[in-house]
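**Student:** Place chain B with the ligands on chain A using the hints.
Same order as they appear, the protein sequences are chains A and B. Going by this note's numbering, the first residue of the first sequence is number 278, and it counts up by one from there. Going by this note's numbering, the first residue of the second sequence is number 10, and it counts up by one from there.
No lab work stands behind these hints, which were simulated from the structure alone. Each hint should be verified, as a subset may be incorrect.
[Said to hold, decoys possible] Straight line, CA to CA, 25 Å or less: simulated BS3-like cross-link-like pairs of lysine-lysine:
1. K248/B x K210/B
2. K185/B x K248/B
3. K242/B x K91/B
4. K185/B x K91/B
5. K164/B x K587/A
6. K158/B x K587/A
7. K185/B x K210/B
8. K210/B x K158/B
9. K587/A x K161/B
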Amino acid sequence: MKSPVFFLVWIVVAAIVFAFGLYLKNDYFFFAGYTVLQYVVLATGWNILGGYTGYVNFGSAAFFAMGAYASVVMHKVAPLPVPLLIIIGGIVSGLVGLGMGYLTLRLRGAFFAIATLALAVVLQTLIVNWDFVGGSRGAYIIRPNTLDIAGLQIPYIEYLFALMLILAVCALTVARIVERSRLGFGFATIRDDEVAAEACGVPTLRLKLMATTLSGALMGMAGAPFPYYIGYLQPSSAFGLEYAVNSIAMPMIGGTTSWVGPLIGAIVLGTLQQVATVTISSAVNLLIVGLLLTGFVIIAPNGILGLIHKFRGQSDADKVGRRVIRETP
Amino acid sequence: MMTAASLAQSPASSSLLEVEGVGKRFGGFIALDGINLSVAPGERVGLIGPNGSGKSTLVNCICGTLHNETGTVRFDGHSLNKLESHERTYRGIARSFQLPRPFVTMSVADNLRVPLLYAVHTRRGRHLTIEEADARCIELANSVGLGAKINKSPKDLTQIEMRKLELARAMAADPKLLIADESMAGLSDSEVGEIVEMLIKLNESGITIIMIEHIMRAVMTFSQRLVVLVSGKKIADGKPDDVIRNPEVERAYLGQ
Ligand SMILES: Nc1ncnc2c1ncn2[C@@H]1O[C@H](COP(=O)(O)OP(=O)(O)OP(=O)(O)O)[C@@H](O)[C@H]1O
Ligand SMILES: [Mg+2]
Numbered sequence: 278m279k280s281p282v283f284f285l286v287w288i289v290v291a292a293i294v295f296a297f298g299l300y301l302k303n304d305y306f307f308f309a310g311y312t313v314l315q316y317v318v319l320a321t322g323w324n325i326l327g328g329y330t331g332y333v334n335f336g337s338a339a340f341f342a343m344g345a346y347a348s349v350v351m352h353k354v355a356p357l358p359v360p361l362l363i364i365i366g367g368i369v370s371g372l373v374g375l376g377m378g379y380l381t382l383r384l385r386g387a388f389f390a391i392a393t394l395a396l397a398v399v400l401q402t403l404i405v406n407w408d409f410v411g412g413s414r415g416a417y418i419i420r421p422n423t424l425d426i427a428g429l430q431i432p433y434i435e436y437l438f439a440l441m442l443i444l445a446v447c448a449l450t451v452a453r454i455v456e457r458s459r460l461g462f463g464f465a466t467i468r469d470d471e472v473a474a475e476a477c478g479v480p481t482l483r484l485k486l487m488a489t490t491l492s493g494a495l496m497g498m499a500g501a502p503f504p505y506y507i508g509y510l511q512p513s514s515a516f517g518l519e520y521a522v523n524s525i526a527m528p529m530i531g532g533t534t535s536w537v538g539p540l541i542g543a544i545v546l547g548t549l550q551q552v553a554t555v556t557i558s559s560a561v562n563l564l565i566v567g568l569l570l571t572g573f574v575i576i577a578p579n580g581i582l583g584l585i586h587k588f589r590g591q592s593d594a595d596k597v598g599r600r601v602i603r604e605t606p
Numbered sequence: 010m011m012t013a014a015s016l017a018q019s020p021a022s023s024s025l026l027e028v029e030g031v032g033k034r035f036g037g038f039i040a041l042d043g044i045n046l047s048v049a050p051g052e053r054v055g056l057i058g059p060n061g062s063g064k065s066t067l068v069n070c071i072c073g074t075l076h077n078e079t080g081t082v083r084f085d086g087h088s089l090n091k092l093e094s095h096e097r098t099y100r101g102i103a104r105s106f107q108l109p110r111p112f113v114t115m116s117v118a119d120n121l122r123v124p125l126l127y128a129v130h131t132r133r134g135r136h137l138t139i140e141e142a143d144a145r146c147i148e149l150a151n152s153v154g155l156g157a158k159i160n161k162s163p164k165d166l167t168q169i170e171m172r173k174l175e176l177a178r179a180m181a182a183d184p185k186l187l188i189a190d191e192s193m194a195g196l197s198d199s200e201v202g203e204i205v206e207m208l209i210k211l212n213e214s215g216i217t218i219i220m221i222e223h224i225m226r227a228v229m230t231f232s233q234r235l236v237v238l239v240s241g242k243k244i245a246d247g248k249p250d251d252v253i254r255n256p257e258v259e260r261a262y263l264g265q
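Just chain A, same shape as in the assembly (with noise of 0.2 Å):
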């Protein structure tokens, strides 16, 4: 399927989606669903860089929390519409992901992993200690209950949920656009051997930038629109414990090879997780990722997407080619 084909299908999967939301009529719908969403971006983001190049990243709830942070800033300076806070809130954290690059270009593994962790603890810092967007007290968003469009009053939280699902479009979009392009394979090749890919002619460097610009600007978009989402953003939430796990625990039980994975994982995570808020308390939400993410890692290191590939009998290379050559001269 060509990409613009592939973008189009989904917008459609996605009007549908808010089509069934407005046929509910339940706003809970749409607050749990948002959570959700928030979370396929987050964890498409965090795929590029830990499932295609293999770098894991421990720092997401930095790269989200400076998306949401842009927008508490743009909304003390120049209130902006929320599509244009995310582009903001992506442009900062990839600048922040380019950074965080350059900073550890030469560490890998734990070092690299360890480095994350730093620099979410130094960036949290930060804006506990800056006062302009409220410290540790945190900052209070102002937000209309409906959004005037054309005459239309659309409630404000059915707006977020779109504007969320065509961002979790555009990120599936771009994902697969990466995984299979020759900078998708180049991160394979990164993700498998550097030295044999610095043999082959792979520019590991400038590719391990490229990949941690774009997965820190895609987690910076899902947070940009947060602080509108929650009316009251404090650095304790928007660095939540959650965002840096579940991040890491969707792609991985999802499957971290392919642009589905972190969808499947952050579907099946998350709806698990909004279910259990309801019924048993948000509290066991982290158990519930950390029992799941163990058993996987025991029993399906692959994922989700491991196990469809198993079951299906298909060889590895198959799983892993790009193409499978059929002819032979």
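**Tutor:** Relative to chain A, chain B with the ligands alone:
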């Protein structure tokens, strides 16, 4: 990166590869001690030496996998010292790794496709079409006898097949200089013969080749010139027949 000064300094000689006083230490251990080596275009050079004598380290310094601490590596008259490994590959140096390093999540064909998409593409400035790339992958796989395994994962290959894949992947970069680091260890006599024959054919098509090998029969068939390293020093360099009769070589290497 090229300045007029470094152009002017480049040797007037017609050598393709010029290694001048290259040294490399690991901690206090001197792995390479002022190596000089010059390889002319179209030459077939054998590089031998006992285990741990620094052959692979020299290859790593030439290819940019490691950076030499002293001396200069020149290629086509230009210094490579500041260039990253992948930039050296663009310029036409390809190598196989002694311990195979395949991309394990990719099929054999895709392993061969990486240099096609990156090194060859970058040099020519245009994409190979998918058909061209496929055809080239098949051709390369067939040339090392991996034609039947083209869609397999490297995990399904034997150690020997992985060596063949290493060699094919280096060839895929379309190099001017190919360095084969022990591509034949573990191969049967007939397979060694095939690979040597293939390398000689490749050389006749214009590719300069440095071969590192412990199998003396292969080395003697292949090499027009033989270079011997012992403990990080070059102790002999010349016609293969002369070199193996050199008493110093016999003492330090063959006689041990
Ligand atoms: N990364 C490294 N760190 C520390 N020491 C190293 C490293 N690489 C190589 N050495 C040491 O440098 C010496 C030369 O190693 P090298 O691999 O170049 O030898 P070689 O001639 O290729 O040997 P072989 O025939 O066994 O392949 C050895 O003593 C080895 O232990
Ligand atoms: Mg060696």
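**Student:** Could you work out which earlier hints the structure fails to respect and list their numbers in ascending sequence?
**Tutor:** none
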